[in-house]
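Participant: Start from the sequences and build out the full structure, keeping to the hints where you can.
Note that the protein sequences, when read in sequence, are chains U and R.
The first sequence begins at 39 in this note's numbering and counts up by one.
The second sequence begins at 187 in this note's numbering and counts up by one.
Hints listed in this document are in silico derivations from the structure and should not be mistaken for laboratory results.
As the structure is a computational prediction, the values presented were derived from the model and not from experiment.
Beta carbons are placed, not taken as given, at the ideal position from N, Cα and C, and that holds for glycine.
Keep in mind that a hint or two might mislead.
Sample of chain U residues facing chain R (criterion: CB under 10 Å; computed from the structure) [claimed, not checked]: (1) Gly381; (2) Ala382; (3) Glu398; (4) Ala494; (5) Glu499; (6) Asp508; (7) Thr524; (8) Ser526; (9) Arg536; (10) Ser551; (11) Val570; (12) Leu571; (13) Asn573; (14) Ser604.
In silico lysine to any residue, SDA-like type, Cα no more than 25 Å apart, as pairs [claimed, not checked]: (15) U/Lys530 / R/Gly551; (16) U/Lys450 / R/Arg486; (17) U/Lys386 / R/Ala339.
The primary structure of each chain is shown beneath.
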Amino acid sequence: MKFSLTWLKDHLETEASVADLAAAMNRIGLEVEGIEDPAERLSGFTVAKVLSAEKHPDADKLQVLSVDTGAGEPLQVVCGAPNARAGMLGVLGQPGAVVPSNGMELRKSAIRGVESNGMMCSVRELELGDEHDGIIELPDDAPVGHSFADYHGSSPVFDVAITPNRPDCMGVYGIARDLAAAGMGTLKPIAFPAFEASDGCPVEIRSDDSDGCPAFYGRVITGVTNGPSPDWLQQRLQSAGQRPISLLVDLTNYLMLAFGRPAHAYDLAKLTGPVVARRAKNGEQVLALNEKTYTLDDAMTVIADDKGVHDIAGIMGGENSGCSDDTTDVLLEIAYFNPDRIGATGRKLGLASDARTRFERGVDPEFLDDGLDLLTGLIVELAGGAASDVVRAGSPPGVAKTITFDPALTAKLGGVAVDEAEQQRILESLGFSVDMTGAAWTVTVPLRRHDVEGPADLVEEVVRIYGIDDVASVALPRAEGVAAPTASHEQKQERRVRRAAAGRGLNEAVTWSFLPVPDAEHFAAEGQELWVLDNPISEDMKAMRPSMIPGLLAAAKRNVDRGAASLRLFEIGRRYFRNADGSSNEKPTLGVVLAGERSARGWASGKAEAFDAFDAKAEAMALLAEAGAPAEKLQVMGEAGPQFHPGQSATLRLGPKNVLARFGALHPKTLATFDIEVPVVAVEIFLDAIPGKKGAPSFARTAYAPPALQSVMRDFAFLVPGNLPAGDLQRMIKGADKANIVDARIFDVFSGQGVPEGKKSVAIEVTLQPSEKSYKDEDLKAISDKVVAAAAKLGAELRG
Amino acid sequence: MTELNTRKEQTLSAIESAADADALEALRVEALGKQGWISQLLKTLGKMTPEERQEKAPAIQQARSEVADAIALRKQAMDDAELDRKLATETLDLSLPAPISAKGSVHPVSQVMDELAEIFADLGFAVKTGPEVEDDWHNFTALNMDENHPARAMHDTFYFPDRDAEDRAMLLRTHTSPVQIRTMVKEGAPVRIIAPGRVYRSDSDATHTPMFHQVEGLVIDKDIHLGHLKWTLETFLKAFFERDDIVLRLRPSYFPFTEPSVEVDVGFEVVKGRRVLGGSGDAPGHAWMELLGSGMVNRRVIEFAGLDPDEWQGFAFGVGVDRLAMLKYGMDDLRAFFDGDIRWLQHYGFSPYDQPTLSAGVGAGA
Numbered sequence: 039m040k041f042s043l044t045w046l047k048d049h050l051e052t053e054a055s056v057a058d059l060a061a062a063m064n065r066i067g068l069e070v071e072g073i074e075d076p077a078e079r080l081s082g083f084t085v086a087k088v089l090s091a092e093k094h095p096d097a098d099k100l101q102v103l104s105v106d107t108g109a110g111e112p113l114q115v116v117c118g119a120p121n122a123r124a125g126m127l128g129v130l131g132q133p134g135a136v137v138p139s140n141g142m143e144l145r146k147s148a149i150r151g152v153e154s155n156g157m158m159c160s161v162r163e164l165e166l167g168d169e170h171d172g173i174i175e176l177p178d179d180a181p182v183g184h185s186f187a188d189y190h191g192s193s194p195v196f197d198v199a200i201t202p203n204r205p206d207c208m209g210v211y212g213i214a215r216d217l218a219a220a221g222m223g224t225l226k227p228i229a230f231p232a233f234e235a236s237d238g239c240p241v242e243i244r245s246d247d248s249d250g251c252p253a254f255y256g257r258v259i260t261g262v263t264n265g266p267s268p269d270w271l272q273q274r275l276q277s278a279g280q281r282p283i284s285l286l287v288d289l290t291n292y293l294m295l296a297f298g299r300p301a302h303a304y305d306l307a308k309l310t311g312p313v314v315a316r317r318a319k320n321g322e323q324v325l326a327l328n329e330k331t332y333t334l335d336d337a338m339t340v341i342a343d344d345k346g347v348h349d350i351a352g353i354m355g356g357e358n359s360g361c362s363d364d365t366t367d368v369l370l371e372i373a374y375f376n377p378d379r380i381g382a383t384g385r386k387l388g389l390a391s392d393a394r395t396r397f398e399r400g401v402d403p404e405f406l407d408d409g410l411d412l413l414t415g416l417i418v419e420l421a422g423g424a425a426s427d428v429v430r431a432g433s434p435p436g437v438a439k440t441i442t443f444d445p446a447l448t449a450k451l452g453g454v455a456v457d458e459a460e461q462q463r464i465l466e467s468l469g470f471s472v473d474m475t476g477a478a479w480t481v482t483v484p485l486r487r488h489d490v491e492g493p494a495d496l497v498e499e500v501v502r503i504y505g506i507d508d509v510a511s512v513a514l515p516r517a518e519g520v521a522a523p524t525a526s527h528e529q530k531q532e533r534r535v536r537r538a539a540a541g542r543g544l545n546e547a548v549t550w551s552f553l554p555v556p557d558a559e560h561f562a563a564e565g566q567e568l569w570v571l572d573n574p575i576s577e578d579m580k581a582m583r584p585s586m587i588p589g590l591l592a593a594a595k596r597n598v599d600r601g602a603a604s605l606r607l608f609e610i611g612r613r614y615f616r617n618a619d620g621s622s623n624e625k626p627t628l629g630v631v632l633a634g635e636r637s638a639r640g641w642a643s644g645k646a647e648a649f650d651a652f653d654a655k656a657e658a659m660a661l662l663a664e665a666g667a668p669a670e671k672l673q674v675m676g677e678a679g680p681q682f683h684p685g686q687s688a689t690l691r692l693g694p695k696n697v698l699a700r701f702g703a704l705h706p707k708t709l710a711t712f713d714i715e716v717p718v719v720a721v722e723i724f725l726d727a728i729p730g731k732k733g734a735p736s737f738a739r740t741a742y743a744p745p746a747l748q749s750v751m752r753d754f755a756f757l758v759p760g761n762l763p764a765g766d767l768q769r770m771i772k773g774a775d776k777a778n779i780v781d782a783r784i785f786d787v788f789s790g791q792g793v794p795e796g797k798k799s800v801a802i803e804v805t806l807q808p809s810e811k812s813y814k815d816e817d818l819k820a821i822s823d824k825v826v827a828a829a830a831k832l833g834a835e836l837r838g
Numbered sequence: 187m188t189e190l191n192t193r194k195e196q197t198l199s200a201i202e203s204a205a206d207a208d209a210l211e212a213l214r215v216e217a218l219g220k221q222g223w224i225s226q227l228l229k230t231l232g233k234m235t236p237e238e239r240q241e242k243a244p245a246i247q248q249a250r251s252e253v254a255d256a257i258a259l260r261k262q263a264m265d266d267a268e269l270d271r272k273l274a275t276e277t278l279d280l281s282l283p284a285p286i287s288a289k290g291s292v293h294p295v296s297q298v299m300d301e302l303a304e305i306f307a308d309l310g311f312a313v314k315t316g317p318e319v320e321d322d323w324h325n326f327t328a329l330n331m332d333e334n335h336p337a338r339a340m341h342d343t344f345y346f347p348d349r350d351a352e353d354r355a356m357l358l359r360t361h362t363s364p365v366q367i368r369t370m371v372k373e374g375a376p377v378r379i380i381a382p383g384r385v386y387r388s389d390s391d392a393t394h395t396p397m398f399h400q401v402e403g404l405v406i407d408k409d410i411h412l413g414h415l416k417w418t419l420e421t422f423l424k425a426f427f428e429r430d431d432i433v434l435r436l437r438p439s440y441f442p443f444t445e446p447s448v449e450v451d452v453g454f455e456v457v458k459g460r461r462v463l464g465g466s467g468d469a470p471g472h473a474w475m476e477l478l479g480s481g482m483v484n485r486r487v488i489e490f491a492g493l494d495p496d497e498w499q500g501f502a503f504g505v506g507v508d509r510l511a512m513l514k515y516g517m518d519d520l521r522a523f524f525d526g527d528i529r530w531l532q533h534y535g536f537s538p539y540d541q542p543t544l545s546a547g548v549g550a551g552a
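Facilitator: Shown next as structure tokens:
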């Protein structure tokens, strides 16, 4: 909220500077977000008197003025305002002054050949209002030569952020109270203008909703004259960023801004019958002051008369019963509304207002009568009229909380020793009463401090006024010795695989967790129910990703559109699924997307080469191994998913069910969906599917035992069915004689000339490792027979 | 004998001037071949008397070895010349580029999270995580923000239409604080953790993205107070920015889940258009910037987490990971973090070998 220094000084007797006050507010938890000094903007503008006004010799609409600046010879000023005339007082900007509205620096100049030594200013030029019909006219007693800023009463304006727990500081008076407690001055008593109240009140006031509106106080003032507010009131409202409207409206706003106390003034002429706080009827409508119509329901409290709703209670008044210039009789409303209900109503209607902000957080239950008297007194003083008695329906909460408080808690929780007398002084200056007769203190909380619930809150009060920045640092107790490792298996795995991926030339991206729904659906597992946001920020960020690939693919597309030819992207993040009980099941996953060229055209290699499915397989295998998967046990199987090219993709599994990864070329339809025109291969590694190592970590490797005898190589070439996966043959052969065969490596695959239709030739180099003694011919023959027999199980025949 | 010498000299001279391997071989055959003249002379030795042999043999042997050595030498020279000629034809233009291996990178968010883990591990903090799709009890209620709490509305929460088995509204967590609750509920006290991760707010402008990263810190023990909080934050920031002149300013503030609540500012100055942390914000040319929210954990939160607030107390803090990365490494646009632009990733990303360690300082030099 914003308020001027002058306003603050209405309530705080202080000699402190603006900077010191701002520092103090920051220190005690009232965060100063800005300070603006209008006087700086008005420097160089002074009160001046027009001595004479002559017609400009060369321009019909200009006059040549002689202006008394209050010092030295009168200045000649050319002026185009129709109201400029001899004898008037106005505001003169002399050379060097900067016009607030346009930032122009004034200079001595010649206008149509006549020298001009400054400018007589309009309201708009000084940004004091919208009028621009002529120059400012000041009263005859304005001091000629005086600074206009000073004369105008401009004062530095603080912009202070009030945290939601402090509705008591949502008025200048509350801020003054806090500053006084912090030693920045003395809180002044509130000045109540005196008025006479007659007996009785002509309007019946009731609350039929004691839950939503426990207290509804009212009073009628008849015979008021509404009109513009006096300068002091206008200036204060303007410093708060509010536009003055009329006395009756401005005074209710003033009560809210100065004392945090929202009130409402109804035009009595527009009311019929008793004025009642009640629940709205379902579907009931009201045209609010913001000129929008709201449809209400029976959970909302309203103020209504016989004809209908006049006020969304505690949030916004109605357009039809508000005060206007013609208003002569008013009904004032000061009420206490249930904060929770105000909040619920405001949220449901999507309606924010200054009143709601205060009621929702809790206004001072002890300031109903005072608030009403203050408002009444100000209206009677400034607008005249006769006040009725107060009518009180219900009563606000009146039981003060008491807290048993051990002042030693300040040191225990706050880490700072504040002596007891100072703790007592701080609490009392904030309006708490402290009873020190028992062993522990009994502290009574002022009703306006809805935020104070227990001893910790009192510690906060003491520490923030004492100075939280003065708390001394104290080292956390530290375990003896070198810090113990803290990372979990999953954390270590993630870190390792991330750096392995980067080490393999992949660039880590972080993409949004949410996707456009069609992109998410394209990658959803069969039957997967996506998490779809109710209130997305845009349609592009709506469904939680079921896969890492679409986000990376969209990033790849953006890069391709920017001209990138080759992309190696990866991301480690979560895929979002559901548990049966409706809770979230988030699966840590590594995604890789390789798009465009694996290698650019080059002097050695010739043409550029595109990524293919084997590049994806290479990343999958290498990163799975780094993630701790047993690479030698992985099986290449199908069913990578419909997002992939059906013939160029696969899964890597540990056993038939446990899918650790999928990889391959993406389906052309996927690429079309993402509007991407370069080849793309992708990998997804399901990190949570990789079995972890069991037991405590051990560091010693198995013993090193290189074989004593040299290994022996034998080559085999088989004719196999064309659709037999070569990897199956390799695995089969590798397992044909585990005592002797240590490796089997495919070194040639061929079909075409010399190979029968429907078959292919697969050549495999088998490594044999003798253990005790060298192989004899018959040993080798026996092993070879086993290899051939094993291969035969897959329909493979040895080529002659 | 003179005849032998003369012939030897002739042969040696011919070897010296032999044009190629064939000529040299012809000379070898002529002198040392089966019918070669030196071989013939050697054969005559067998028919000689011992005296005669003693007189003539040395000269003949000498001639044989001189010629053989000369041939070997000449052959070596020829081979060397041949190799030089061959190598000369194999010259490569090594100004041409070598095969390029792709250069990978680690995202700054990951790098900074690793740095945080390293620093806090030394202070005895473990790293904990929790779900991003949360329920409103963990995200709000247990953090002392009941349904009507005004602070709930200030969180710009993304909601799902779904409810969990306990009829709790499902949402995207707005902060990492629910991990506090989950950790206390699951592991009890004492607690020393940080919880880094993705968080979400329905907010998007030049400095806000609907998804960003936070790290939460939580210490629950006996006799933990504000002084420990201040020390922890100072110690962490000094280690993270590797500067001893980090100065904090604590301001009272409000968060529903802490009491007292403290906003933490850090002093900085602007150097070459960038904010550089260090020094008091009140020093000439310096100012304060808001960096962290923190406070002593509210007793209600401790109760919600199933612990006895009369026995256990502690502090919590939260700070933006992306923000820390920007302040340390100089990025100026948060939105670029999540765009995946390869140029940005390679410019601001880190080498995989920049694994943060305490002994080297956790930061990676520019």
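Participant: Each hint needs a verdict: does it hold in this structure or not?
Facilitator: Evaluated hints:
For U/Gly381, the interface hint holds, since its Cβ comes within 10 Å of a Cβ in chain R; the closest pair sits about 5 Å apart. A cut of 10 Å between beta carbons decides the hint on U/Ala382: the least distance to chain R is about 6 Å, and the hint holds. About 6 Å separates the beta-carbon of U/Glu398 from the nearest beta-carbon of chain R, less than 10 Å, and the hint is met. Because the smallest distance between the Cβ of U/Ala494 and any Cβ of chain R comes to about 4 Å, under 10 Å, the interface hint for this residue holds.
Interface restraint check for U/Glu499: the shortest CB-CB distance to chain R comes to about 9 Å, inside 10 Å, so the restraint holds. A distance limit of 10 Å between C-beta atoms decides the matter here; for U/Asp508 the minimum to chain R is near 9 Å, and the interface restraint holds. Annotation: interface hint on U/Thr524 holds; nearest CB of chain R at approximately 4 Å, less than 10 Å. Residue-level restraint check for U/Ser526 holds (minimum Cβ-Cβ distance to chain R is 7 Å; threshold 10 Å).
Look at U/Arg536: its Cβ gets to within about 6 Å of chain R, closer than 10 Å, so that hint holds up. At a threshold of 10 Å, the smallest CB-CB gap from U/Ser551 to chain R is about 6 Å, leaving the interface hint in force. Because the closest C-beta pair between U/Val570 and chain R is about 7 Å apart, less than 10 Å, the hint holds. Annotation: U/Leu571 was flagged as interfacial toward chain R, and the flag holds, the nearest CB pair being 5 Å apart, inside 10 Å.
Taking 10 Å as the C-beta cut-off, the interface hint given for U/Asn573 holds, the closest approach to chain R being about 6 Å. Here the hint on U/Ser604 is kept, as its CB sits about 8 Å from the closest CB of chain R, short of 10 Å. With a C-alpha separation of about 24 Å, the suggested pairing of U/Lys530 with R/Gly551 holds against the 25 Å cut-off. The hinted pair formed by U/Lys450 and R/Arg486 meets the criterion: a straight-line CA distance of about 18 Å does not exceed 25 Å.
Taking the CA atoms of U/Lys386 and R/Ala339, the gap is about 12 Å. The hint holds against a cut of 25 Å.
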